Amino acid sequence: MKTLAILMAGGAGTRLTVLSDKRAKPAVPFAGKYRIIDFTLSNCVNSGIYDIAVLTQYRPHSLNAHIGIGKPWDLDRQRGGVVLRQPYQGSSADLDWYRGTADAVFRNLDFIQENQPDLVLILSGDHIYKMDYRPMLEYHQTKGADLTVGVMNVPLEETDRFGIMTVNRNMRVTEFTEKPKERDKGTLASMGIYVFTTEVLIRRLSEGGPESPRIDFGKDVIPSMIAEDRVYAYPFEGYWVDVGTIQSFWETNLALTRPNGSDLLNLHDPNWVIHTRSEERPPVKLGPQAQVANSLISNGCVIRGRVENSVLSPGVYVSPGAIVRESVIINDTWIGPGAVIDRAIVDENAVIGAGTFVGYGDDNTPNHQMPDRLNTGITVVGAGAHIPSGLVIGRNVLIHSERLESDFPAGVTEIASGETV
Amino acid sequence: MKTLVMIMAGGASEDLSVLTADRAEAAIPFGGKFRIIDFPLSNTVNSGLYRVALLTQYMPRSLNDHVGVGKPWDLDRSQGGVRLLQPYIGRGHSGWQRGTADAVRRNMDFVEEQRIDNVLILAGDHIYKMDYRPMLRFHQQTQAAVTVAVRRVSPFETHRFGIVSVDSDMRVTGFKEKPRRSKETLASMGIYVFDFHALREILQDESLNDFGRDVLPAIINHRKVYAYTFEGYWADVGTLQAYWEANMSLLAETPALDLYDPQWVIHTRSEEQPPVQIGSDAWVGGNLLSNGCIIHGIVERSVLSPGVRVAPGAIVRDSVIMNDTVINANAKIERAIVDKEVWVGEGAEIGYGVDNVPNRRHPERLNTGLTVIGKRARIPAGIKIGHNVIINPNINETHLQTDFIASGETI
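Chain order of the listed sequences is V and H.
Here the working numbering is used: the first residue of the first sequence is 256, the next is one more, and so on.
Here the working numbering is used: the first residue of the second sequence is 21, the next is one more, and so on.
If you're looking for bench data, these hints aren't it; they were derived computationally from the structure.
Heads up, some of the hints might be wrong.
Within a straight-line C-alpha distance of at most 20 Å, the following computed EDC-like cross-link-like pairs (lysine to aspartate or glutamate) qualify [claimed, not checked]:
(1) H:K91 <-> V:E534
(2) V:K326 <-> H:E34
(3) V:K326 <-> H:E429
(4) H:K91 <-> V:D331
(5) H:K149 <-> V:E535
(6) H:K404 <-> H:E429
(7) V:K385 <-> H:E292
(8) H:K360 <-> V:D524
(9) V:K398 <-> V:D373
(10) V:K434 <-> V:E412
(11) V:K326 <-> H:D96
(12) H:K395 <-> H:E34
(13) V:K326 <-> H:E291
(14) V:K326 <-> H:E292
(15) H:K91 <-> V:E535
(16) V:K257 <-> V:E412
(17) V:K398 <-> V:D524
(18) V:K474 <-> V:D415
A short, non-exhaustive set of chain H residues, derived as facing chain V with CB atoms under 8 Å [stated by the list, open to error]:
(19) V296
(20) A302
(21) N311
Fair warning: this is a prediction, and the values are worked out from it, not measured in the lab.
For glycine and all other residues, C-beta sits at the position ideal for the given N, C-alpha and C.
With the rest of the complex left out, here is chain V:
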């Protein structure tokens, strides 16, 4: 059985605010040294799938640089391997950009046909989980399915956040409801993982037209297939998260620092290594006064202050007297002497001036510009921002990337909760 995996990596991830300003969501750093897409890519190669296409659209540069020719995943191969597919002109008469997941695959049908796989495995590049896809592919064969959808059980009160599959006792899908308001559709949520028999996929996507759109798998393709084709649900049990919001990104990172963190997601499993492109960095250096508890610290970090319940990516510098608490600090950020960072996400190459407080006080005013995205008390600092010394910054504050000290209002010593710079 030849399987071709197609990773959807084109989404903008707008709910991640400045983290996805300059990079696609799958390229956002996660758990210190990884990026989100590493989990899906590593799942593929650990499942013995070496034919992979990554479909990009939004800000692909960071992703292109990260994946390259796929060396870290042993995907630099003579036959197969990883290919990055960008949208191109001439693929469609009216619009060249991809309009949705199914549309993106449809524009790459020629690539699928050239590869002649028996099965096409469609994956999302922005979920954190470890999964062997082989049992699911076998299940698809055994059921004689045209389409198998990976599902997981979610609590009944959360079913309105997911696409819910209703199944009969053979696990055949009888109904698909996108974010149902009623609670009678069952608790099996689609994980955005689909196995298609290739000819069915090609046939179904080619049928699309103005009256029967084939733009999105969840919205268009699956609902129209349930009545006519053999659609099955494959239950997955294990840890799976969509880190699509600031809150879930922060929470999921911090969960890894807790004592039970490796029960959720064991990064140390030698039988299921999560591969990534690692920069060559020396070991973590801890100064004589460094204090570190419940944290993940990546190579190349130099810690001379205090770090608690935090996740640090490679090359972060924590000066003497600085304190980092419950925060996610991304590559090469410099934290000045005596600075305090509390419940914050700081993107790469930021500079936090001496004595500055990021995430101060009990005032939890939601962000005025993005109250729907920043309302849980997390302050976000964009890449390359330079925050002046001695500033006090509240909660739910958004500092855009590349902000220089001169962009901060002169003479102001406090930025209240909910502000945006």
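Start from chain V and add chain H according to the hints.
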């Protein structure tokens, strides 16, 4: 100017005891995630030199695995790249190598094929960062047959080195191998640039087996030999004490050897390991910790390689701990070098007590209180092991049916 770099990595280095029991000295882990060979190899590529031969003889397997096709150093190339040269049998200059010069002689056919102008000879067991380009330029300018890199050493240490005397133009006029006392303090670093034709002629004399001991004294009177002074950190880690000290010196606030310099990255083959995980009761001030470590105990002034586990209540002080060693609850390790994949049982103590009896079998090697544990040894729970003790590789509970091993023992 085309240069071939030949790195000598064949020596047995018996002074390093169990660390070289099953690997060449050049393959010993250093500074957490690195191996000693990474330093000369990274210096080479950082100097823009991409034609490298690595000469092995003693226990090369670990080195072969590490260097492979040279990917981490961008030495997997179609032009040049890294070649591992092993001793071979056959006609002509075959058989085991009797020294550094002999090793090059036995691979002279390879050297000739390279069509190069200079040969840069390096030792595979020194820790330093050096741009070789200024030295190669100096060699060009002086039109020397041989240029030797030298550094100033303390007059009390001359007995450990080959000492050269120079005239005011830095031309070498004398050479003494390991003199007891010497007015001169310029020590050879074991780094030589040879003009290719001069090298070929010199090596025709088959009585010359070692560059320092034989070649230099034989040629300084009738060939142009110059000394090039290198100023910077350089350590020969050929003894247990020197190895331990060089690791410990990395812990200084501004260490003499800066591993964090983005302009001079030391490359190595890294295993894919997650970030260091530090638990709630851990105490980790003053250390180097590598990826994949999980620390729940107390670690002070120590260098840990990737994948080391320190359980709650365990204490590690002033020690070098290599890859994937597991230190169980309440174990205590002080002033020790612990090789890879060692298992230390609950409550075991390594480096116990205050006496300092030198090792009985090798008093000259182990006399400063360091205890050395060989690869894959299993240290039973509750045992107490003194100072200057050597535990050989693969020792397990059946060899250690006691609860106390006095200082100076070898198991």
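Hint by hint, here is what the structure shows:
no.: 1; hint: H:K91 <-> V:E534; result: 13 Å, holds
no.: 2; hint: V:K326 <-> H:E34; result: 38 Å, violated
no.: 3; hint: V:K326 <-> H:E429; result: 48 Å, violated
no.: 4; hint: H:K91 <-> V:D331; result: 13 Å, holds
no.: 5; hint: H:K149 <-> V:E535; result: 16 Å, holds
no.: 6; hint: H:K404 <-> H:E429; result: 12 Å, holds
no.: 7; hint: V:K385 <-> H:E292; result: 16 Å, holds
no.: 8; hint: H:K360 <-> V:D524; result: 18 Å, holds
no.: 9; hint: V:K398 <-> V:D373; result: 15 Å, holds
no.: 10; hint: V:K434 <-> V:E412; result: 11 Å, holds
no.: 11; hint: V:K326 <-> H:D96; result: 13 Å, holds
no.: 12; hint: H:K395 <-> H:E34; result: 16 Å, holds
no.: 13; hint: V:K326 <-> H:E291; result: 14 Å, holds
no.: 14; hint: V:K326 <-> H:E292; result: 12 Å, holds
no.: 15; hint: H:K91 <-> V:E535; result: 12 Å, holds
no.: 16; hint: V:K257 <-> V:E412; result: 39 Å, violated
no.: 17; hint: V:K398 <-> V:D524; result: 31 Å, violated
no.: 18; hint: V:K474 <-> V:D415; result: 15 Å, holds
no.: 19; hint: V296; result: 5 Å, holds
no.: 20; hint: A302; result: 6 Å, holds
no.: 21; hint: N311; result: 5 Å, holds
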